[in-house]
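Asks: Sequence:
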Amino acid sequence: MAAAATAFAFLVVLEVAARHYGLPGPITNQARELVFAPKSGFLLYAGLALTMVVLTWRQRFVALAAAVGIDLVFAAARWATGTGVSHGQPFGNGALWVLLGCAAVAVLRRTGPERVLLLKGAGLGLLLVTGRKTGDTWLLITSKTRPTVLDPYVATADHALGDPSWLVGRIVTATGPVGFNVLDVVYGQLAVAAVAVALYQLRGVAAERRFPRHHLVRTFLLIGLLGPAVYMIFPVVGPVFAYGTGADHWASVSLWPARPPHGHWPVADLWPRTTPPVTAPHPIRYDGFTPRNCMPSLHTAWATTIFVHSRRGPRALRWAGAFWLVATLTATLGFGYHYGADLLAGAVFALTVEGALRAHDRAWERSGIRLVVHGTAVFAALLVSYRWLPLEMATRPWLYGPLLVLATASVVYHYVRTVTRWEPRTDPTSRFPAPQPELV
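Quick note, the sequence shown lines up with residues 1 to 440 if you use full-length UniProt numbering.
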């Protein structure tokens with residue numbers, strides 16, 4: 001109950017902050033999707049799938065049928081009134097109604113442990129979909145409160161890594177509509193991929209009537225909660241926006257309707273053809289609507305956690321986790337949304353958060369504390385070096401490039417070594433995990 005109250009209070013604070021800037025916050029945006037076309041119907045159905053892990057098979061079929069039926073009613077109403085869908089997707093309202101219905105049934109029709117279990121299931125699904133709205137509000141706040149960005153610092157530091165965004169950007173541009181749109185689907189449906197892994201981890205909940213202590217959704221949501229706070233400290237918009245034409249760069253190859261002209265204020269139109277010159281960096285002013293959401297790369301962080309959690313699944317799931325990681329890294333660089341430095345910070349951030357959650361479950365034993373301290377120190381060192389040593393890094397890439405990679409690799413090695421000691425080796429094809437304490 002305390003956690004639910006804290007989450008609700010946080011949503012209220014973000015709602016008030018968004019209203020301060022004259023825009024709806026996460027609560028309003030989520031409530032609108034009860035009637036209007038959702039931003040992502042796939043995400044709403046993914047949230048419903050998470051809730052259904054606590055239901056019996058018969059209840060799952062009823063819930064899914066109800067969600068699809070409600071969506072068909074909405075589609076018929078839009079057709080009859082001539083109100084097409086200009087923004088968002090034409091499905092998903094039904095999934096949100098059923099999610100809320102599950103919560104209502106838990107409160108009104110269930111008692112004792114069954115009520116708690118169904119509330120946890122409904123809460124898990126609602127947290128996933130509300131987390132997206134929370135993230136959107138966070139991004140709005142970054143664009144309104146950080147008028148200047150630090151892209152020249154990161155772009156200069158990125159010379160030590162060989163300017164990977166420029167290289168991969170040229171490759172993705174050369175692949176044309178096919179390459180862009182395949183990667184765009186992977187990039188845009190990252191939460192759906194996370195739910196697929198989570199469903200495997202939670203497949204025994206309905207039978208065992210309890211949640212495992214640790215699963216992917218916990219890490220996924222915590223990364224989304226903490227990451228935007230770093231955006232406020234280190235605001236960066238990305239190479240395609242600071243050094244290119246913004247979203248207009250992909251308008252001619254995207255399958256989705258073209259957006260209005262971006263109206264960006266670039267340093268220069270260089271991405272991805274020409275790397276920026278090595279000069280002393282300085283903050284630059286940027287527009288008031290583009291999110292400062294690059295440092296660290298949360299898409300990299302989320303894809304890393306999907307990869308980590310898929311390692312204990314069957315072979316198909318492990319291959320899917322590896323594919324999603326590689327494709328996401330390619331998209332983040334190739335679309336010009338991130339610098340290489342962002343990706344290193346994102347991977348370290350993900351493993352540190354994941355390590356902290358696992359250490360918490362083990363009562364913060366010494367090995368867990370060392371892992372979290374190590375990850376936090378490396379993450380802080382990366383941010384400090386990007387901000388205060390970029391010119392030094394750019395002029396000595398033979399030294400700082402390997403140091404950046406080795407620092408990141410040290411966190412990866414420490415995480416793998418620590419977690420391997422914590423977890424006994426099990427057969428990844430086994431149907432159910434060993435019984436675990438209930439999630440609190």
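It is worth saying that the hints were derived from the structure and are not from the lab.
There's no promise every hint is true.
Here are the computed distance ranges between Cβ atoms for each label pair [unchecked claim]:
#, residue 1, residue 2, range
1, 248, 145, 24 to 34 Å
2, 399, 10, 39 to 49 Å
3, 288, 115, 43 to 53 Å
4, 280, 322, 51 to 61 Å
5, 208, 288, 48 to 58 Å
6, 104, 255, 35 to 45 Å
7, 192, 288, 48 to 58 Å
Nothing here was measured: the structure is a model prediction, and the numbers come from that model.
Just so it is clear, CB atoms sit at the ideal spot from N, CA and C, and this is done for glycine as well.
Asks: It remains to establish, for every hint, whether it holds in the given structure.
Replies: The hints, checked one at a time:
Taken as a hint, the range 24 to 34 Å holds for the pair residue 248 and residue 145, whose Cβ atoms sit roughly 25 Å apart. Checked against the hint of 39 to 49 Å, the C-beta distance between residue 399 and residue 10 comes to roughly 43 Å, which is consistent with it. A hinted range of 43 to 53 Å holds for the C-beta pair residue 288 and residue 115, which are about 46 Å apart. For the pair residue 280 and residue 322, the supplied restraint of 51 to 61 Å is violated, since their beta-carbon distance comes to about 40 Å.
The supplied range of 48 to 58 Å is met by residue 208 and residue 288, whose beta-carbon atoms lie about 50 Å from each other. Look at residue 104 against residue 255: about 38 Å separates their beta carbons, and that is inside 35 to 45 Å. Checking the proposed 48 to 58 Å range against residue 192 and residue 288 shows it is violated: the Cβ atoms sit about 31 Å from each other.
In summary, the numbered hints that this structure violates are 4, 7.
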